[in-house]
Every structure is written in C-alpha cells, then in structure tokens.
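Protein chains: 2
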Amino acid sequence: MASSFHEFDLIQWIREQCPSAKANLIGIGDDTAILQPPLNSELLFATDMLMEGTHFTFPPATPERAGRKALAVNISDLAAMAGQPHSALISLALPKSRGPEFAKAIMQGIIDLAKEFSIQLIGGDTNSWDGPLVINVAIIGIAPASKSIKRSGAIPGDWIFVTGELGGSLTGHHLNFTPLVSEALILNQAVAIHSMVDLSDGLASDLQHILRESNVGALLDATSIPISSRVSENESKQTRLQHALSDGEDFELLFTVSPEDGKQLLSQNPLPTKITQIGEITSRQTAFIQHPDGSQTSLEDSGWKHEL
Amino acid sequence: MASSFHEFDLIQWIREQCPSAKANLIGIGDDTAILQPPLNSELLFATDMLMEGTHFTFPPATPERAGRKALAVNISDLAAMAGQPHSALISLALPKSRGPEFAKAIMQGIIDLAKEFSIQLIGGDTNSWDGPLVINVAIIGIAPASKSIKRSGAIPGDWIFVTGELGGSLTGHHLNFTPLVSEALILNQAVAIHSMVDLSDGLASDLQHILRESNVGALLDATSIPISSRVSENESKQTRLQHALSDGEDFELLFTVSPEDGKQLLSQNPLPTKITQIGEITSRQTAFIQHPDGSQTSLEDSGWKHEL
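As they're listed, the protein sequences go chains V and D.
Quick note on the working numbering: the first sequence kicks off at 2 and runs consecutively.
Quick note on the working numbering: the second sequence kicks off at 2 and runs consecutively.
Since the hints were derived computationally from the structure, they do not count as laboratory data.
The structure presented is a predicted model; accordingly, all values stated were derived computationally and were not measured.
C-beta: ideal position from N, C-alpha, C; glycine also.
Some hints could be false.
Said to hold, decoys possible - Computed far set for chain V versus chain D, every beta-carbon distance over 10 Å:
| hint | residue |
| --- | --- |
| 1 | T33 |
| 2 | P227 |
| 3 | E301 |
Said to hold, decoys possible - Covered stretches of chain D, as calculated for chain V (at least 3 residues, CB under 8 Å):
| hint | segment |
| --- | --- |
| 4 | 72-82 |
| 5 | 266-279 |
What the hints assert, rightly or not - Residues from chain V that keep clear of chain D, each with C-beta distances beyond 10 Å, as calculated:
| hint | residue |
| --- | --- |
| 6 | T58 |
| 7 | L186 |
| 8 | I187 |
| 9 | S296 |
I would like the entire structure built from these sequences, with the hints used as guidance.
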C-alpha cells in the first residue's frame, strides 16, 4: 500500500532470491540459523566490516560492487585456510536517503557472488540510519578435520610463494577480484602447504602474521616480487616495489612450502594463475629484503595499519 | 614510541584479556577461527548490528554498556532457540575522534559479558572512521542435535506465555538486561516448548514471527499482558497496553506449550522469573486481542519496523 519499504520486506525479498539449498542447514526465518555439522570436518569463521568512504566510495563503486566486495574479502579469508565457503550472515546499516533499490542492489552483488561460491545466506540484520553505508559479513567455511592451513606452520628453509601480481589494487582490482578458493584447494592437494595468508593489508604487513605466529624470519628477493601492471610504469623501480609491498587489497595468497615442494611447484605449476617464489623463511625472526646489489635492508612493516 | 594506537595493538590487548579456553577451538590469530564441532550437537548462528544514534546514544549509554548490549542482543537470539552461547566474532567501526580508550571500553563491556556466558571471542575486525560507532556481533551457539526450539512449532490450542514484564525498555532496561539463556534451558527441560522467540521488536511484532512460520493465529487476553513498572502509571490503560505490545527491546521470551504443559508451568513455575499466560494459539491465521468488555480487535502488527 504505502511506498515505504520495511526490513521484513527486504528479508522476504532476500529469502525469495536465496532458496535453501544445503543439507542439514536451516537458514533465514528463525532467531538463529541451525547447522548440523558434517562429520570429520572443521568449521572456519571470519568476519569483515566494510564502510563507505574507507573500503569503497560511490563512484567508482556501485552498490552491487560494494556488496560483492564485502563478501569477497571474507571468502578470501577462507581461501587462506584452504577452506571451502559454506554460509554467511549479512548485516547492513543502510543510508536512509538512498532507499530500497539501493539496498536490493547491494544484496544483489552479495547474492550473485554467494551463488558463484555455493554460499547459502543464513541470516543477517538490516538497519537504516542517517550515516554512510556499512556492510558486515560473517562467513562460515568447512575443511576436512585438521586440514586447514594456519599461519603458524612456517619453518626455516621454507620457500615463500605468492600467487598473481601485487600492488595498485585501488585502481579497480579491490572491487573486482575473485577470491582464490579453488587455487588454495588445488595447491593444498598438490603439495604440503606449511603456512598461508591472504594479502589484504599488503605483502610487507601480512608476511609478518606468518613470521609472528611461526616464530621465524624471512629473506625476500627484491627482484622476484611480481609487480602488477596496475602499478604505473612511470614510477621509479623503488616506488613500484613499494607499491607491491604495501598497497594492500591484492587478495592474492602468500604461502610457504618445503624446498622440495617448492621445486615441484616451479617445475609444474598446478594453477592457471602465475605463482612466484619471492624468498625463504629464516630462523632470524626478522624480515629482510635483498636488493640487486646484494645489500639487505629490513623489510619495514610498511603495510596498511588501521590507526584508531 | 608514537602515541598512535593501531588495530594490531587493540587485537593484541583483546587476546591478552581473552585467553583461549574452549576445547577444539582455535580463536584469534589466524585468517579464520577453527572449530571442530562436538558430536551430536547442532550449531546456531545469528548476527546483529548496533549503531550509535539508533540502538544507543552517549549518554545515557557508556561505551561499556554499548558493547555489552551488542553482545547481549545476540545472546538473546540464542536463548530464543534454547541454545547455549559458544563463541563470537566482533566487528567495530570506531569514531576516530574518540581514541583508543573508547575502543577498549567498548571491548571491556563485551569481554565482561562474554565471560559471564562462557563465550570465547574468536575473531573480529576493527576499523576507524569519521562516522559514528557501529558494532556488529556474529554469535555461535550450540544445542543438542535437533533440540533447538524453532518459531515454526506452534499448534492451535497451545498456550502462549511470556517471561517477565513488557514495555518501557528505553528507560534503561535495553542497556542492562541479562539474556535469558538459563531460563530457556530450564523451561526446555521442564516442558516441551513448541515454539519460541525473544522479544526484540515488541510483542505484537515478534508474535507474528511465530504465527507466520507456524501458519497459525492467536487470541491474546488484554488484561493478562504483564505491563512493566517501567511504563508510566500516569498513562491511560490503553496507552500502557500499547507500550507493552509494541515498545520493543524487552528481550523477554515468548513461547507456546500444550495446555497440559501450560497448566504445569502455572502450578509450578520452574523459573526465578515471573511467567504469564497471555493467550492461546488459534487456527485463524490472524492475531486478535480480547478486551475486558469481551470485544476482540485485530492485533495490529504494531511493533517496531525498520523502515529503509
């Protein structure tokens, strides 16, 4: 009757877009979702909150792309564990001024990516306010019991690899990237991955997670770091390297394997994506980068840090 | 060195406050948390986002109370399923102007309530921006397999009960309430609960969830609705009833049981809290309320609706 559009209408619309699909899972429609967990599996949980003005702006982002990114960054966390996405909970703080079509467009971006990755939306919370858009996703993944890849398994001598190319994500990649779920699963089948993270804050920062949790150090080879063509060719060599080390939001995978497995990956890359050996794990507990002239400098923790 | 306070420092502080405790659960410190689910259990998932200016304002709220409320409303969703809280993921959008002590105070409110309910904080996402405070909680609960109480189990003839008293929550209750987890578990042991919800949007609105999911109706008795002393005595009888029906944020439990179980509950209330029979489930598919003069009016869906 009225043209006003309520939370319940949006939820009803979402339910129609997302028929229940998974076995042993009851989704939207109760106070909570209910999952009877599969035997011999472990469950993975992560959450990320994306805010307008910080993680995306309109334009260049569209509401669909903002919604897609909010889910994609969470899927990327599962990929970093070599987990399989399963289900997700979506919370929205919607700007009142933008109306229900904006809300649906955000959800459409989420729903489309959810379908691509067989993720069932099992709950959420929709609100509106006078503030900017905020999207929170909490994601649930599944892996065979004890098979998730942690940050803490790196050992001295491990070779450090990275997928794809790094830097310049803000030119568009951060709104378009596809999380590397199947790539992580393929790698995890091909070799024994000792440790892995996804690159969200930047190589220099995210590598530190592996080093801290594993109590090890690293020596990177400056000339090996794969710099993305998204980083301007007009910049100096040093500036281009800095972009690759610290731009953030690459959402590539950084992982370590034994030298034997490393050689195997170099001789026969099981992925359709490029992988590059960029250095080695050391026992020194600090990270250094070796330059073409043979000098080594400390790899500053120069990635993106959220200052409070 | 610098006085700046970063995301990683806050996460480190949170890790120190919340030592890992639960079996088969790896919490903060990796791309995701990892849970090896207990056998013969089902997992429950819910999420709620609270925004400054909508769900709390400073004052009367303190940062501790805002944090506490964000977790409490999620725990209440688990109570409504007769589930046991297990773990939670916390996302924050922190106003830059308020600094790190404000962030810690919010987390302290969350951590204190988490300890009360044996909830392990297993992950999250902290951000800062120029906008108001936003807190998102995603909660994980556990129940014995197939023992969660759904909204869909009400049958005609069921007696409708409510715990506690309703209305006037905004005078302070919404910042102080204790989620009724143990009450739900005790009720679920004492009788066969057919359906249950927690009262977050208001009785008139939340009862509709049970009616819709169960394909039934209801007849409420106006004189039986327990009106909270938080609702001013100076208001008319009709206005006071309206507050009890639609104020929202009571976080009491609304549930239905067979008449036999209802009689048992009335003769021997197993809870330290008051419970009241407020009506019956009918087959009419609509909700009516019976007034002292014997007339019946349609129970308007007069609870809080979030308009987008």
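_Outcome, coverage of the segment 72-82 of chain D by chain V - at least 3 residues whose beta-carbon is closer than 8 Å to one in that chain_ = holds (count 4)
*For S296(V), which was marked as not at the interface, is the minimum beta-carbon distance to chain D over 10 Å?*
The claim stands: S296(V) keeps its Cβ more than 10 Å from every Cβ of chain D (closest is about 26 Å).
*Are at least 3 residues of the segment 266-279 of chain D within less than 8 Å of chain V when you compare beta carbons?*
violated (count 0)
*Once the closest CB in chain D is found, is it more than 10 Å from E301(V)?*
14 Å, holds
_Confirm or reject: L186(V) is not an interface residue toward chain D, with every Cβ-Cβ distance exceeding 10 Å._
15 Å, holds
*Given as non-interface: T33(V), which should sit over 10 Å from chain D by C-beta*: 4 Å, violated
*Confirm or reject the statement that P227(V) sits farther than 10 Å, beta carbon to beta carbon, from all of chain D.*
Per Cβ check, P227(V) is outside 10 Å of chain D; nearest 21 Å; holds.
*Please settle this one: I187(V) was flagged as non-interface, so is its CB more than 10 Å from every CB on chain D?*
It holds; I187(V) is separated from chain D by about 18 Å at its closest Cβ, greater than 10 Å.
*Exclusion check [T58(V) not at the chain D interface, CB over 10 Å]*: Holds, because the least Cβ-Cβ distance between T58(V) and chain D comes to about 12 Å, which exceeds 10 Å.
Hints 1 and 5 from the list above are not met by this structure, while the remaining hints are.
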